[in-house]
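Given next are the chains, with one letter for each unit.
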Amino acid sequence: MTLALQLWGGLLESLRKLGAVILFLLAILRQCPAALARPRLISQQVRNSGVLSLVIIMTSAFFVGMVIGLQGYDSLSRLRQEDLLGAGVALTLFRELGPVVTALLFAGRAGTALASEIGLMRATDQLAAMEVMAIDPIRRIIAPRFVGAVISVPLLTAVFNAVGILGAWFIGVRVMGVDNGAFWSQMQEFIDPEDIFEGVLKSFVFGVTAGLVAVYEGYNSLPTAEGVGMATTRTVVTTSILVLVLDYLITAYLL
Amino acid sequence: MAWLTPGSIAATWRQPDSVTADNLVEISGLHFRRSGRPIFSGLDLGIRRGSITAIMGPSGTGKTTLLRMITGQLRPEAGTVTVAGQNVAALSRSALFDLRRRMGMLFQNSALLTDLDVFENIAFPVRENTRLPDALIRHVVLTKLNSVGLRGAADLMPAELSGGMARRVAMARAMVLDPELLLYDEPFSGLDPISLGVVLRLIRLNNDALGLTSIVVSHDVAEISHIADHCIVISEGRVIASGAPTELAASPSELVRQFMAGAADGPVPFHYPAPDYAEQLLGAGR
Ligand SMILES: Nc1ncnc2c1ncn2[C@@H]1O[C@H](COP(=O)(O)OP(=O)(O)OP(=O)(O)O)[C@@H](O)[C@H]1O
Ligand SMILES: [Mg+2]
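The listed protein sequences correspond, in order, to chains A and B.
Take 937 as the starting number for the first sequence in this note's numbering and just add one per residue.
Take 152 as the starting number for the second sequence in this note's numbering and just add one per residue.
The hints are simulated quantities; they were obtained by calculation from the structure and are not laboratory data.
Among these hints, one or two may not hold up.
Claimed, not checked - Sample of chain B residues lacking proximity to chain A, with all beta carbon distances greater than 10 Å (derived):
| # | residue |
| --- | --- |
| 1 | I288 |
| 2 | D329 |
| 3 | E337 |
Claimed, not checked - Computed Cβ-Cβ distance ranges for the label pairs, DEER-style:
| # | chain 1 | residue 1 | chain 2 | residue 2 | range |
| --- | --- | --- | --- | --- | --- |
| 4 | A | F1106 | B | E271 | 56 to 62 Å |
| 5 | B | S243 | A | E1130 | 46 to 52 Å |
| 6 | A | L941 | B | D195 | 42 to 48 Å |
| 7 | B | G211 | A | L962 | 15 to 21 Å |
| 8 | B | Q224 | A | E1130 | 49 to 55 Å |
| 9 | A | E1130 | B | R185 | 40 to 46 Å |
| 10 | A | P969 | B | Q224 | 48 to 54 Å |
| 11 | B | S243 | A | L941 | 40 to 46 Å |
| 12 | A | K953 | B | D249 | 30 to 36 Å |
| 13 | B | A360 | A | K953 | 34 to 40 Å |
| 14 | B | L242 | A | L959 | 18 to 24 Å |
Stated by the list, open to error - Cβ-to-Cβ under 7 Å is the rule here; a few derived chain A residues that face chain B:
| # | residue |
| --- | --- |
| 15 | A1059 |
| 16 | T1060 |
| 17 | V1068 |
| 18 | M1069 |
| 19 | I1071 |
| 20 | P1159 |
| 21 | T1160 |
| 22 | E1162 |
The C-beta atom is built at its ideal place from N, Cα and C for all residues, glycine as well.
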C-alpha cells in the first residue's frame, strides 16, 4: 500500500518535472528568434562547448573505431567476409555509436560545464542582476547556449564518425591487411541515405536533449555550491538515460 | 526597442507622473512569507524623491527581500508596492522591464558577470538596452568608471578585483543608464575604512549630481547616518521607526536607540526564533 503510494508520488513528481522542462523549452524557443538574430553569441557558444569537446570526441572516436574494426574483423573473418569491414563499421557508427557516444561525451564534457556555469550565475546573483537590468536571462544566456548545443552535437557526431572510420581503417587495412579498395568501395555500396538520415535525426534529437537538460539543470539549480554540484551531476545522469531511451525509441520507430 | 539613449530614458522619466505625490516609492500593507515564516506583516513606507533613504534592521529581517519586491523580482502576498505611480506586481513583463530600465541596483555580492571584463560589464546594460554606437558607449562607460575611480581597471576581469573594487564597478554598472532610482544592498559590508569612505561619498555625490533617489540598505548605522536624509528601521515585519538620523538617535523608544547604538541586548532579539536554550541543550532533541 505505502509502496504503491510512493510509486504514485514518484510518478506525479516525474510528470511535474517533465511539465516544467517542457514549459522551459517553450520559453527558450520563444526567445530563439531573438537569439538567432545575434549569431555572434551563438557562434561563441558553439566554439565554447564544441571546441571543449573536440579533443575528447576525437580521442574516443579513434579508439571506438579501432575496437569495432578489430571486433568486426574477427567476426567477419570467420565468415570469410573481411571485405565487408568498411560497410559494417560505417553502419554501426552512423546509425548508433556515433550519435549516442557523442551525446554522452558531450553531456560529460560540455553539458556539465554549461550547467555549472549557469548554476554559478544563479548562485552569484548574476541572473537576478540581469533581470533587474531589464535583460531577459533566457534570451541573453540560456537560448544561445541551447542553440549552441543543438548545433554542436550534430557537428561533433560527424567528426566522431569520420575519426571512428579512420580508426577502423587503421586496424582493418593497415594492421589486419583488409584490402584498402574493398574497405572503401563496400562502404559506399552498402550505406543508404536512410542510414545517414537516421544518424542525423538522432544527433539532432540528442543535441536538443543534452542542451536542454544542461541549461534547465543550471538555471534551476539551488543557489549554493552544493546546488551547483548537484546540477552538474544530474545533467550527466539525466542526459545519459534520456539519450539511451530516445535512441531505442527512434531506432524502433525507424526500423 | 526604440533608439533609446541613456539621456532619453532619463528624460521620459522626468516627465510628471500621473501620481504627483512626492514619494517615488510607496509601499503599503505589505505581507510576505518565506517557507511559512512571515517576513513582512503589514509594512508601510514611502521613499521621497531625490532623497537618500537608509533602510536598517537586524540581519534576516527581509531588507534584501524588500529590494527584490521594489524591483519586481518577488510579488507580495497582500499589499502594494508602487514605483513612480505604477503597481509593480500588476505590471506585464514588458512594462516591468520598462520600469526596470529606470532603476539601478547594487547587489549584496556585486553580481558582476564573470566572463566579461570590467569595461564590458559596465557596457553590458547599455549594449543590451540601447543601440548606441561603440564610440558613444566607450565614452559613457569610461565616464562612469572614472567617477568610481577605476578607469585604470577597465581591462581587468572580475576575478582580479578586490571586494571593494568589485563593489565600485557594480555601482558604475548600476548607474550607467542614468537611472532615477538606485538601490544599494549592503554597499559597505567587508570594505576597508578607505574604500568605505569612497563608497559613502560616491552615494551622496551620485544622488546630488544626478538627481537620483537612493535607497541604501545597511547595517552600518554610524556610517549611513552621515549621508542619509531619512532612516527607516525594520524589525519583525514592520517599520519600527523612521525619521532623520539625529531624530532616531534621540528617539524615546528603547528599541530604536538599541539599534542606533548597536547594543546586542534590548527589545530587538539577537536570536532567530528558537526553543528554550537550556531545555534544548539538556533535552534529547536537536
Ligand atoms: N530563497 C529563500 N527561501 C526561503 N527563505 C528565504 C529565502 N531567501 C531568504 N529567506 C529568508 O527570508 C528572510 C529575509 O531574508 P533577507 O535576505 O531579505 O534578509 P536581510 O534583511 O537582507 O538580511 P541580511 O542583512 O543578513 O542580508 C531570512 O530570514 C531568510 O531566512
Ligand atoms: Mg540582505
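Hints versus structure:
no., hint, result
1, I288, "holds (15 Å)"
2, D329, "holds (13 Å)"
3, E337, "holds (12 Å)"
4, F1106(A) to E271(B): 56 to 62 Å, "violated (46 Å)"
5, S243(B) to E1130(A): 46 to 52 Å, "holds (48 Å)"
6, L941(A) to D195(B): 42 to 48 Å, "holds (46 Å)"
7, G211(B) to L962(A): 15 to 21 Å, "violated (37 Å)"
8, Q224(B) to E1130(A): 49 to 55 Å, "holds (51 Å)"
9, E1130(A) to R185(B): 40 to 46 Å, "violated (56 Å)"
10, P969(A) to Q224(B): 48 to 54 Å, "violated (26 Å)"
11, S243(B) to L941(A): 40 to 46 Å, "holds (41 Å)"
12, K953(A) to D249(B): 30 to 36 Å, "holds (34 Å)"
13, A360(B) to K953(A): 34 to 40 Å, "violated (51 Å)"
14, L242(B) to L959(A): 18 to 24 Å, "holds (21 Å)"
15, A1059, "violated (10 Å)"
16, T1060, "holds (6 Å)"
17, V1068, "holds (5 Å)"
18, M1069, "holds (4 Å)"
19, I1071, "holds (5 Å)"
20, P1159, "violated (11 Å)"
21, T1160, "violated (13 Å)"
22, E1162, "violated (17 Å)"
Comparing the model with each numbered hint stated earlier shows that hints 4, 7, 9, 10, 13, 15, 20, 21 and 22 do not hold.
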